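> Here are the chains, one letter per residue:
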Amino acid sequence: MRLTRRVRLAGVALAASALVLSACGGSDDDSGEATDAIISVNGSEPENPLIPTATNETGGGNPIQNLFAGLVSYNADGSTTNEVAESIESDDATLWTVTLNDGWTFTDGSPVTAESFVNAWNYGADPANAQLNAYFFYPIEGTNDEGNTPEGVSTISGLTVVDDTTFTIKLKKPESDFPLRLGYSAYFPLPEAAFGPDGKITSEYGERPIGNGPYMLSDSGWEHDVQISMVTNPDYDGARNPANGGLTFKFYADLDAAYTDLVGGDLDVLDTVPDSALATFESDDVQAFNEAGSVFQSFTIPESLPHFSGEEGKLRRQAISYAINREEVTDKIFDGTRTPAEDFTAPVLDGWTADVEGNEVLSFDETKAQELWAEADAISPWTGSFQIAYNTDGGHKAWVDATTNQIKNALGIDSSGAPYATFDELRAKVNDKTITTAFRTGWQADYPSMLNYLGPLYGTGAGSNDGDYSNPEFDATIADAASTEGDDRYSLIEDAQAILFTDLPAIPLWYSNIAAAAATDVDNVEFTWQNLPDYYKITK
Amino acid sequence: MGWYILKRIVQTIPVIVFATLIIYALVFLRPGDPVLNLFGDKPVSEATRATIESQYNLDKPFIVQWLLFLKGAVTFDFGTSFSGQPVIDQIQRAFPVSVTLALMAVAFEAVFAIIIGTYAGIRRGGWFDGVSLVVSLVIVAVPIFVIGFLFQIFIGIKAGIDWLPATVGGDWTVTDLIMPAIVLGLTSLAFAMRLTRGSVSENLAADHVRTARAKGLSEGKVVRNHVLRNSLIPVVTFLGADLGTLMAGAIVTEGIFNIPGIGGLAYSAILKGESPTIVSVVTLMVLIYVVMSLLVDLLYAWLDPRIRYA
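As they're listed, the protein sequences go chains A and B. The numbers in the numbering used here rise by one with no breaks, and the one at position 325 of the first sequence is 522. The numbers in the numbering used here rise by one with no breaks, and the one at position 217 of the second sequence is 1571.
Each hint should be verified, as a subset may be incorrect.
[To be verified] With a cut-off of at most 20 Å between alpha-carbon atoms, the simulated EDC-like pairs for lysine to aspartate or glutamate come out as follows:
#1 B:Lys1396 <-> A:Asp451
#2 B:Lys1396 <-> A:Asp643
#3 A:Lys630 <-> B:Glu1400
#4 A:Lys370 <-> A:Asp685
#5 A:Lys594 <-> A:Asp451
#6 A:Lys367 <-> A:Glu286
#7 A:Lys397 <-> B:Glu1407
#8 A:Lys626 <-> B:Asp1395
Honestly, the hints are just simulated from the structure, not real lab data. All values derive from a computational prediction rather than experimental measurement.
Go ahead and model the full structure; you've got the sequences and the hints to work with.
Have a look at this one:
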């Protein structure tokens, strides 16, 4: 079965008609759909200035998505609608011409032009500005693998401004779904007012950004350690016309407190239910949401581990995968808020299928696991202990202990978790390749395409290829898929995944569900492929 | 007296300087790479890394980092967090709520501990003494987050009392903090209560108390003027030190009630390896401990006339 739409959005037509309705209601007759209610949602104190290219965490990222509008915006199902762009076209999938709609302005009245985009992207890619989202520019010519321009060069050579409403983007290699990327916050435009006389984005702008999105900051704006409040932008005329009067991102350092506020009626929508409430939230007096999401979880066994290379490695990886009972872990440890993995991507994406060749290796089969392990032992007898490294500041202990226990019981080998105190301590070991165990890995896509779950993680030499996996056949299939469109593309992606299922550079575990909750008096809570509520649709 | 205070204040300078050195060394020895925290699972280019490291002096040896910090600290420039916010601003936001919360907790503790403890000490072996012992044991035995969640659910949500909200948030008022302060102070209350009781019952048998009784003073005067003042010395020592602990160590309570205080600030800075924030917060805490212990020492002289400072 091929699912061309998000599984949970069975009634796409219904959602689409609701959109049309709200769009009609938004213009003149506001009494029907749009209300003035301010919706309070959970947030956290942003760790960075509110600049699109500087913010890579949700505390600042979620507000920014509502304050800006990019070339395209994402629909709930992961498809895109042009916003500022009138068209994004290419003949060869390498040189893209972007034409902007007339009439878009920032809230300070200045027009949104081709320069607004190009200047913002140039700024983001310049290593002298150390922008955390530079990575998103890596497909464009004139940047390196990390998305930075060469040192001392402050413009991306692949970007050319043609006139006020047109610019071109030259890519390093053909990518037929490139426009899908452009809804991400790193590609948002910036007004001239953002830049100071020295060419740097001013700190005042980072505190109080001027955007072109469906919302703008209210008079109180960003109150540190308290909240960010925003009201609707009267000049906005894009695809995300707000059905409410504004948003307040209330800051919580601890999700437990946010859940308490939701139950107590002081918060309208909570995008992540805390672990402590997972067992009960579906029966508490709130609206509960538990749907498959776009985050893929796995653990990676690096090629460099003894016993895990060559034919022996393949057998052992498969044995370990068969030894894990994913159903049991998602049920017992996560109270059903994870969905056992069936491939290397995520089920909310266009073209996703549960029938990838070779994915039976993700089922639980102790006998098979023992057979494969014995075959590997015949090549070279097993020594040592199989460990999975994890960071203890992220709530991973429970599932790592459960999974390694299953491996221990099924294969009769010594297996345990290897804890690291902080995320960066673990990543430092992974990055400099000194880690001597398997380690947990996860991926949330940058844009809604299955390819984004494959190329950056398993391509030879790719930026997030932590296990140093390299298979020329896989690389070639991915490159083919990137320049192909339609069903051929999806079958190439299936082929690529089939290769991964024999090599298992990472062992897929499960997809993180959207486990969210809303107050009972709140309506129209829907979730996007980014696992976030579609803020502009919420009403109360 | 004035000379003594001055001497004590001068003594704090080396304490602070060495405290910052030790903390800097500890942060430097913290395994991991703070730059990776900023980028999550995305790759970082060498050029960007170099920019960030030179911006926050991460590329320098720790002794140089420390000296640069000291140089800035003298002019009240405590550096910036990785988000570009001045550390001094972060502390200014987090400090008032932590101080208020800790003071309220200690006040609650002091009042109830001294009243209940004194009464239990006078009636040693009576039913009140027995009940207070059992209650304090229960309070000490139950973890603070259990008490916190119970208060939150039954008083904050179920009872629905408007001026006792279940969570506080950044725009706090003093009444919002009543419930968190009680939760925060409860464990120490139990300790201080036992301390007062033991001290009072011991002093009741002391020679000077027998003399006061022999002079024909009323029992009330004996307890207030001769027993209590002497008995309070260990209690005051405990409460003074506790104020500092409650200010910096209220992470659990802060989390439960969503209070953006010093504890949470230090905790997240440690996870991210932000040395300027960690060192500034800890230095501030050292300063508070030093001042508190000075105040406690001065209180001794008032409580016990035998103690004199020259």
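> Take the hints in turn and mark each one as holding or not.
Here's how the hints hold up against the structure:
1. B:Lys1396 <-> A:Asp451: Violated, because 25 Å separates the two Cα atoms, which is more than 20 Å.
2. B:Lys1396 <-> A:Asp643: 10 Å, holds
3. A:Lys630 <-> B:Glu1400: Measuring from Cα to Cα gives roughly 17 Å; hence the hint holds.
4. A:Lys370 <-> A:Asp685: Roughly 19 Å between the alpha carbons, so the hint for lysine 370 of chain A and aspartate 685 of chain A holds.
5. A:Lys594 <-> A:Asp451: 19 Å, holds
6. A:Lys367 <-> A:Glu286: 12 Å, holds
7. A:Lys397 <-> B:Glu1407: 19 Å, holds
8. A:Lys626 <-> B:Asp1395: Satisfied, since the Cα-Cα distance of roughly 13 Å is no more than 20 Å.
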